[in-house]
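Participant: Spelled out from the first residue to the last, the chains are:
2 protein chains.
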Amino acid sequence: MEEKKIPYKIYLDESEMPKQWYNLRADMKNKPAPLLNPGTLQPLKAEELAPIFCEELVAQELDEDTKFVDIPEEILDFYKMYRPSPLVRAYYLEKALGTPAKIYYKFEGNNTSGSHKLNSAIAQAYYAKKQGLKGVTTETGAGQWGTALSMACSYFGLDCKVYMVKCSYEQKPFRREVMRTYGADVTPSPSENTEIGKKILAEHPGTTGSLGCAISEAVEVATTNEGYRYVLGSVLNQVLLHQSIIGLETKKALDKYGIKPDIIIGCAGGGSNLGGLIAPFMGEKLRGEADYRIIAVEPASCPSFTRGKFAYDFADTGMICPLAKMYTLGSGFIPSANHAGGLRFHGMSSTLSQLYHDKYMEAIAVEQTAVFDAATQFARVEGILPAPESSHAIRVAIDEALKCKETGEEKTIVFGLTGTGYFDMYAYQSFNDGKMGDYIPTDEDLAVGFAGLPKVDI
Amino acid sequence: MEEKKIPYKIYLDESEMPKQWYNLRADMKNKPAPLLNPGTLQPLKAEELAPIFCEELVAQELDEDTKFVDIPEEILDFYKMYRPSPLVRAYYLEKALGTPAKIYYKFEGNNTSGSHKLNSAIAQAYYAKKQGLKGVTTETGAGQWGTALSMACSYFGLDCKVYMVKCSYEQKPFRREVMRTYGADVTPSPSENTEIGKKILAEHPGTTGSLGCAISEAVEVATTNEGYRYVLGSVLNQVLLHQSIIGLETKKALDKYGIKPDIIIGCAGGGSNLGGLIAPFMGEKLRGEADYRIIAVEPASCPSFTRGKFAYDFADTGMICPLAKMYTLGSGFIPSANHAGGLRFHGMSSTLSQLYHDKYMEAIAVEQTAVFDAATQFARVEGILPAPESSHAIRVAIDEALKCKETGEEKTIVFGLTGTGYFDMYAYQSFNDGKMGDYIPTDEDLAVGFAGLPKVDI
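Heads up: the sequence lines are chains A and B, in that order.
Take 1 as the starting number for the first sequence in our numbering and just add one per residue.
Take 1 as the starting number for the second sequence in our numbering and just add one per residue.
Source of the hints: derived by calculation from the structure; they are not laboratory data.
From a predicted model like this one, the values you see are computed outputs, not experimental measurements.
You may find that some hints are simply not true.
Because identical chains cannot be distinguished in the list, a pair is counted as satisfied if it fits within a single copy or across any two copies.
In the EDC-like style, the derived pairs of lysine to aspartate or glutamate whose C-alpha atoms are separated by at most 20 Å in a straight line are [to be verified]:
1) K130 <-> E16
2) K134 <-> D27
3) K252 <-> D13
4) K252 <-> E14
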């Protein structure tokens, strides 16, 4: 009976929107390991990061203590354009599965960038503007982050240079056009624009590129151009901080109806969505106030949590970025071109890596065709065509709901639906045509990436 | 001060959603002229329409008297998946324009079909299912209607055959894939599947197709296959009835904050969005309870209101459909291939045509490049990449707001933002590259279409 009162979509009022981000690290006993200087292999100081990142973002990156950070008014104003995002009760999916489980998803795709990435893009653009910069550089894989940053830069009148992983650039010309519509420069990576790009092209002619390589190029451009800094859409602590808005809204919406989740599921590439979605729930878990089963879902073709090493590694192929301790496949690892969509970063957020290492969360790797099966089923019953990335979470949410069907348990499952798949129709086409395959790297494949891990004694 | 209270997005609660559609014709003194049998040129009876359309939809098509129609529970359930849609206060656009005008837009694009078309698609699929049909056939131009119908048919387990105007089929392969993901068959039109398609291909080899031609093919397939009927996404009275949900929600949201619009603006191709958006406002106007300036915006390259004739005409190129009295460019008129996006139908809803003829509304034709200028400006400040169709309304809303800037008038402008432009990036690319042109048919161009108008003495 009480069930009836829960609407299909729970929207918070504008006045209920969170006014602070939550810094998960403040509640961690084992803090994530510090970033290291790639030259000295010693912990980085703020002044060493300043040539790469915006000042305020460096401060956020290194701040392990402040629990709540006020969201500046200018960012709140922008958030109001597309937030609060709905928490949807997946009544149709539950019915289609015949499960007693109650499924909710936080839908972050109802904005033109098509994903949650906008939450951090606008924050990073704001701090760049505040610092008086001319512009920012970045990399993008599937294109979601680049699109989000283009929108954010357009809003604040900043120049935006995007290095887009070549295979995505070719598969997703329309993403490029959205970025251009927002005034961004988009270059396929590796390119001849940078020293590192030239080097990679010389060593691997015909490479389809990787995030690690595009990062190197974007960092080089930022550090060699006056008035530019580099910004990154995932992995970093600052990004998880900004993305905590997802989890904070989710928790507030659930609390409104007295709902307590049993399982929280998010897809994980670099960890921006997962880290944001789980933040307040993980906080409760760390403080011993509540318990949740928290599941990271990653592609079997790029399995950093489930098959990677917990080690210091470079974020980029060019090895010019700071080193982070994280679950990694090695910065030399490049996922198969057969791998659709994003979630193709070789590493993982340090914060999430530490939490996974300390067993506060689980990880599951899923295969591509099973993911698109789930995506299609979800699209048909819930009316939203999901991004391939998000569909990793859908896959596991469906699997958990089907387990409940077997056991009769009425578990409450919450997952993050990070975005829409409108720019991923090549991948859907390959699935619709029955041409999509799976790709699981062999141990030998992985050994190549691991061999390149730096030796760090810290 | 009071101003402050209006949020960026006004959402109705699920419980506030309209439970009835509104039939505008019930309030019209001059009813739209009846449909005619293409053979006898006499007013059509329900039984003559039954081989083409679903029974219940025929009844709705011919019913001029019932003012409110209950929305069946099954349709309300589906509406809850993506409705109520937000009414957005365009604070950012107002600021960018520096206008004292207050601008609102009803945003219908936050669903996977990407437009308002889903509102009628789900209704038509429901009635087809209720009648025990196997499936439905239809045409689609830009692809919005086809996508919407695919989603609706997938929901009710109906077969869906879509004839897609060839130039759109080629320009928008991703639209096709979305339809396929929802299980639809998609065929470029004209095709060799139908007699009429073969005939048109023989007469006009290399034609890029037209809506009128695709309609003929879809009707032929529906009437020659057991258990199929034809459905249409615009023009018809039944469609305007279903789309009244847009206007009813808009009015309810405005009423909640005591807002009375001065100007209501909608783009118009066949009239589905415009007819739906203005329905309750036009009702008040017809009943003498309120006055509004109502503006239809159409492309200068397909100017049925502003340069068409008010005459009986065929809806389709093959001349097998019923005749409707409407503003039309003639069923032989095919807009330039240079024309981007939808709004390419040669005719216009009979209901809207009658209202326009009776001077209850105005019409403005706008050129393509001016439309994409407005689209880009809107995308950058409001954060939504609009469909080319919707951008026609944006263009005129901006122009009216700029007039207010000159005069200092604080007019309230409401426009319909029918959808998103994610599948229209070829058009944006052509605009971004400075390659987009305008195309205004000459009087001689139009004379060709007019010469084919049927002679009807009624």
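Participant: Each hint: holds or not?
Facilitator: Evaluation of the provided hints:
1. K130 <-> E16: neither (27 Å within a copy, 42 Å between copies)
2. K134 <-> D27: neither (36 Å within a copy, 58 Å between copies)
3. K252 <-> D13: For K252 and D13, both the intra-copy (11 Å) and inter-copy (17 Å) Cα distances are at most 20 Å.
4. K252 <-> E14: Close inside one copy (13 Å) and across copies (19 Å); limit 20 Å.
Hint compliance for this structure: hints 1 and 2 are not met, and every other hint is.
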